[in-house]
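Visitor: Quick note on this note's numbering: the sequence shown kicks off at 1 and runs consecutively.
Be careful, since some hints might not be right.
Below, in silico cross-link-like pairs of lysine to aspartate or glutamate (DMTMM-like), each with a Cα-Cα straight-line distance of 20 Å or less [to be verified]:
1. Lys30 - Asp5
2. Lys30 - Asp13
3. Lys30 - Asp14
These are calculated hints, taken from the structure and not from any lab test.
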Amino acid sequence: MTNRDLGRCLVCDDVAIGINFGVPTCMPCKAFFRRNAVKLG
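Required output: the full structure, derived from the provided sequences and hints.
Guide: Laid out in structure tokens, this is it:
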């Protein structure tokens, strides 16, 4: 699966790099949500 297949990040509408937390996200959004999930977890 390429970035083109993933479409846009559902959080900020940037180019998605993968499926993270169940939705297509870009790298900055992935990092943001991972940091905050670790704090809450």
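Visitor: Each hint should be assessed against the structure and marked as holding or not.
Guide: For each hint, the structure was consulted:
1. Restraint check for Lys30 and Asp5: satisfied, since their Cα atoms lie roughly 18 Å apart, inside the 20 Å limit.
2. Proposed proximity of Lys30 and Asp13 is supported: the alpha carbons are some 13 Å apart, at most 20 Å.
3. Under the criterion of a C-alpha separation no larger than 20 Å, the hint pairing Lys30 with Asp14 is consistent with the structure, at around 12 Å.
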